[in-house]
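Peer 1: Each chain is listed here by its residues.
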Amino acid sequence: MDVQNYLVVKPDLLNAAAPQTDININTQLNETQSQLIEYEQTSNVSLITVFDNERQDSNIFRPTYKINYIYENNIVGYCPNPSWENYLNNLHYVDPITSLVSQQWSGLPSYQEFEFIRTDVTNIQLNIPGLFDGFITKSASSYNWAVRLSYPFENLTGVTMSYNFGPNNSFTWKSDDGVPFIISTGSDNGLQILQFNCPVKHGLSIGEYVQLLSGFTYNNIDTYQVYSLGNNTYGSDEYIFNLYNVGYTGNTFFSGKTGTFKRIIDIYNSGETKSRYYVRNHKIISNAQDTITTRSAFEENSYANKSSYQLSALTPNKIAKIFQYQSSYTYNLTFERDLDLTNLLDNNKRPVSEIFASFQWVGYFGWHNRLQRGWQFNLTSGATNTWFDFTNSDSIEDVRTSQYSRVSRGLFNTTPNYFNFTINLPKQSGDTVLGDFCEFNDTEQLERVISPYMNKFTYNQSLFTTDVTANQTNPNGFYYQVHFPVRIKTFSNYVETAAPNLVDVVPSYAFFSENQNLWLWRDLYTYGFIDDEGRGVDFPFLNEAHYPFGNITFRLFSDESSFNPIDYYQITIQPLIDPCE
Amino acid sequence: MNKIEVIFNNQSKDLVIPLESSWDFYGQQEGVEKFEQSVLEQIINKDQDFEVSRFEHKSYYTNVKEQTSINYEFWLYNPNVINTTTTIPALSGTWENSYTSKFSNLDIYYQRPNFNKSFWKLDLYDTPNNINQKVYITIILPTHQGLTQPSQLGFFQNVLIKKPKYVLDYLGDKEGFFIYWLKKRNYLDINTFYMSAKFFNGNTGQFIRMLNKPQYQLANTSNPFSFSQEDYFYYRVNLDYTIQKYEVFKYPNIVRVGTELEPIKWYEYVNPT
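Protein sequences appear in the order of chains A and B.
In terms of this note's numbering, the first sequence opens at residue 24 and continues consecutively.
In terms of this note's numbering, the second sequence opens at residue 1136 and continues consecutively.
Treat the hints with care, since some could be wrong.
[To be verified] A few chain A residues that face chain B, going by a derived Cβ cut-off under 7 Å, partial list only:
(1) V31
(2) T50
(3) E77
(4) S81
(5) T142
(6) G157
[To be verified] Going by beta-carbon spacing under 8 Å, a handful of chain B positions derived as facing chain A:
(7) F1143
(8) Q1146
(9) I1152
(10) E1191
(11) E1201
[Claimed, not checked] Computed list of chain A residues with no C-beta within reach of chain B, every gap over 12 Å:
(12) P132
(13) S164
(14) S193
(15) N254
(16) N340
Note that these hints are calculated values from the structure, not bench results.
Everything numeric in this text was worked out from a predicted model, so none of it was measured.
Glycine is no exception: its CB is placed at the ideal position from the N, C-alpha and C atoms.
All chains should be modelled from the sequences, with the hints used to inform the complete structure.
Peer 2: So this is what it looks like as structure tokens:
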């Protein structure tokens, strides 16, 4: 405001008779400034920006899966006497003439016993008037299998594991002990080496170090540098690592000795660069009624449906029928409820980057025993691994079971026979289930799956005998991988660092390296960003939600397979150039 | 107004006039951003969730057994089969749960195009008032679904042909069993629909409206061609968003239908000749 001059004259000085009164001074306020709010006038409207903002802010997911279901119904069995008629009359008889003579009908169950959606509504297993409600059509997709969503929320150490390195050479360790191995000696280009054979991928590189546990201390040293990998056979470098044999004496590194190792990247920072080993523990986050299973239209896999025509004379109940025992259907999975992953942390306390479709065999129609568990390394070719013997309590799956019974009076309505059937009740939201055997390295901020978690189901030998040997505590059965991930976020392929004082730019899941005096973490890529290595996610975003898609090849394979089931996971890539070239 | 006493001593004086000023910029930027967001939404439309969910028929119990099927019966008018009990000459025929009044046995058995291309159309409206109603959902029931009835081809060949009785469920005949509707209610909040039915006849190229009662049972017995459309053209469909299920009721009363024992029955509306 400007300074203005006013002349104030008292009234009596202006006019002698004037009374004393107040004098008003009117001041003018001239404001020459006004606030200019520029952002009100210039705002760019970009549909792409708005869309991307909405996409990055959303934590709602609607996952969809396609299941390519591959199995081979190849475990032949027979119904022991007395037989539960429903099983006896619903087999694909593999040698009906011999069976007719012996009256021991050997065969394979119907394909319905494997399907994700059963359609045998007239199956008498559930249709006994006055006793059971019968086949509930809305449960058709949950009688055999239960598929739930889950995420790993904690790491379990101390989980007992075991591996058979050979006859009478079983090695048992805990999940946090690391990766198992067996020693053999050898040479590499003339140099004496100690060869460590692992049943799983060791994850080591040349020059890194291994800390050997359980009796491998030599001159007070238990950490050794990896000299080389493999034994000159294709793919062996992932399973075999070698130490340079400087002339170790004594029995510390005897051939055939077993143990475990932990990987160390930097010997001068062994505390922080040593890997941690654990079993992921998953939390189920969806319920049975949330899962919608449908046939994937007319899609089938490349293996044929198989069925047979059974002559009436060559069946135990003298009824002719066409019997299907193998299918090749494909299924779709969607979920009724949206998945809100806001503030959800994974097993390493990082934002959840994968959600899993977790499979569980239910077996409502009662053919099978209680579920068993193990890891992929527990599968052996051509024989049932002793890990899965019923006497091994560590191989019993932590699942609730239920039982029901049926009575059969036989052909002549004679003495009643009672049959008991077991159901593996499906896990519900909030339940936990074990997961894959993993390694995590704090300085790399990287998790590696060492061996996937597997379940096994076996036939109830008192109802359907598949193991003709006297020892029926370890019958053959079917295995499947339990958890199938779908990536919803991707961590960067580089490790980000920050000085200790830059706490405000460091994410909550960063690891502080005292040795390096740095924060270490991997950034989360934004949705839609794919780096030059092809890492990243770019699934559809619409309706305020992300739509991740998972294509699952769900394999069910049996002890009777002629191939090594582990081969399923080790697809050998054919060389592009002929070795002769 | 401030009062200031000026003491005269013939010297110039300065008057300091205090001006109270209060600034109110706090939150202005947030307000502008909200305004900007509002303008953006007007320009490019607010994002909406148009995802649909699968609503299933709510289960019920028949003879202690849990059932989920939804049952439809369509009764077509056959003027050639005389109903001797009716007192209305214009409606002397009979309503039959069969296609045979509209198609030949051969058409039905061999699924000839005139039969195969015919279908039932169930429209779900927001109100039974046909002046201001909107159709939101349409369910098509093809004629190749449904149960069968015995029939004859020629004199001797006994066959089974389709009839307009539908038992829709999770397995078997499924088309029309599920209602696919908006997952969330923030765009359209409707949980009650009114269902009407029409038969699109591939034989004639015409459609037939269906009533929820045969015409001789309408309230106005003296003139069955004059009636309240609201009362006789609809069933009521309730959606339960929480459990994602639906139920069908008679309209205007509240008896549940669609069950095995109480199917949803539709009767051909016959125009006066």
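Peer 1: Less than 7 Å between beta-carbons is the criterion; does T50 (chain A) satisfy it with respect to chain B?
Peer 2: Constraint on T50 (chain A) satisfied, holds at 6 Å.
Peer 1: Given a cut of 8 Å on the nearest C-beta pair, is the interface hint for I1152 (chain B) held or broken against chain A?
Peer 2: Because about 6 Å separates I1152 (chain B) from the closest Cβ in chain A, which is inside the 8 Å limit, the hint holds.
Peer 1: Answer holds if the nearest beta-carbon of chain B is closer than 7 Å to that of E77 (chain A); otherwise answer violated.
Peer 2: Holds - the Cβ of E77 (chain A) comes within 7 Å of chain B, reaching about 6 Å at its closest.
Peer 1: Are T142 (chain A) and chain B close enough, Cβ to Cβ, to be under 7 Å, as the hint says?
Peer 2: holds, 6 Å
Peer 1: Does V31 (chain A) hold up as a contact with chain B if the rule is Cβ-Cβ below 7 Å?
Peer 2: Result: holds, 6 Å to nearest chain B Cβ.
Peer 1: Would you assess whether S164 (chain A), listed as outside the interface, keeps its beta-carbon beyond 12 Å of every beta-carbon in chain B?
Peer 2: violated, 8 Å
Peer 1: For N340 (chain A), is the shortest CB-to-CB distance to chain B above 12 Å, so the non-interface label stands?
Peer 2: holds, 25 Å
Peer 1: Answer holds if the nearest beta-carbon of chain A is closer than 8 Å to that of F1143 (chain B); otherwise answer violated.
Peer 2: holds, 6 Å
Peer 1: Going by Cβ atoms only, is E1201 (chain B) closer than 8 Å to chain A?
Peer 2: holds, 6 Å
Peer 1: Are all C-beta atoms of chain B more than 12 Å from that of S193 (chain A)?
Peer 2: holds, 47 Å
Peer 1: Less than 7 Å between beta-carbons is the criterion; does G157 (chain A) satisfy it with respect to chain B?
Peer 2: Holds, because the Cβ-Cβ distance from G157 (chain A) to chain B comes to roughly 6 Å (cut-off 7 Å).
Peer 1: Could you let me know if the closest chain B CB is still more than 12 Å away from the CB of N254 (chain A)?
Peer 2: Holds: least Cβ distance 55 Å, greater than 12 Å.
Hint violations for this structure: numbers 4, 8 and 13, all remaining hints satisfied.
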